[in-house]
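If you're matching positions, the sequence shown starts at 2 in our numbering and goes up one per residue.
Hints were generated in silico from the structure; no laboratory data involved.
Do not take every clue at face value.
As a list, the in silico BS3-like pairs of lysine-lysine whose alpha-carbon atoms are at most 27 Å apart [as the list claims (entries may be wrong)]:
id: 1; residue 1: Lys63; residue 2: Lys40
id: 2; residue 1: Lys133; residue 2: Lys121
id: 3; residue 1: Lys33; residue 2: Lys63
id: 4; residue 1: Lys55; residue 2: Lys33
The structure displayed is predicted, hence computed values, not measured ones.
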Amino acid sequence: DLTVPRLCRWAASYALRRWMPFATVVMSLLLKVGLDLLKPWPTVFLIDYVLRGKTMTPAVEKIVRLLPGTPTPYTLIAWSVAATILIFLLSWLIDLAATYANISLAQRMTYDLAGDLFAKMQQLSLHFHARKSVGDNIRRITADCTCASIIVKDALLPVGSSVVSLIAMFCILWRLDA
Numbered sequence: 002d003l004t005v006p007r008l009c010r011w012a013a014s015y016a017l018r019r020w021m022p023f024a025t026v027v028m029s030l031l032l033k034v035g036l037d038l039l040k041p042w043p044t045v046f047l048i049d050y051v052l053r054g055k056t057m058t059p060a061v062e063k064i065v066r067l068l069p070g071t072p073t074p075y076t077l078i079a080w081s082v083a084a085t086i087l088i089f090l091l092s093w094l095i096d097l098a099a100t101y102a103n104i105s106l107a108q109r110m111t112y113d114l115a116g117d118l119f120a121k122m123q124q125l126s127l128h129f130h131a132r133k134s135v136g137d138n139i140r141r142i143t144a145d146c147t148c149a150s151i152i153v154k155d156a157l158l159p160v161g162s163s164v165v166s167l168i169a170m171f172c173i174l175w176r177l178d179a
């Protein structure tokens, strides 16, 4: 009786065996969510405060005073463009790190599962091995062991990241206009 939650817990147990690479993947996904939440703000600043001339809130005014140079419309436009480029580059770097960490975690999980499966195969009787094809057993150990990493990196982590992103975006929108 294999249920989806039980299958997810089983796959997550292989991810948690390698807690350091798993923590790296989770951290990079959270940083990516944070940068995704920052992406629209330079444009919002540019449109609202520079182009439309809206009165700055005290928090925005404090940030503008921290920027080097005089706060003329041209320098504020330059800072908005620079912030957009910086967020893009940081997002790209975090995405690169997340991809690298994901590959590393997936390989480690696959090796762990293959090792467990190989140890289990060695415990089986000679009668079992006489009935099964050697090629099928080898293929199961070498090819089917990616299932745990696929469940974690292609299902659980993206769902978790999307839920965090959705909750954070909802909180921001609620704060802006309840």
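Handout entry: Distance restraint between Lys33 and Lys63, which requires alpha-carbon spacing of 27 Å or less
Key = 26 Å, holds
Handout entry: 27 Å Cα cutoff - pair Lys55, Lys33
Key = Outside the cut-off at roughly 30 Å; violated.
Problem - 27 Å Cα cutoff - pair Lys63, Lys40 - result: 20 Å, holds
Problem - Pair hint outcome, Lys133 versus Lys121 [Cα-Cα no greater than 27 Å] - result: Given pair Lys133, Lys121 holds - Cα atoms ~15 Å apart, limit 27 Å.
Against the hints set out earlier in the document, a violation occurs for number 4 only.
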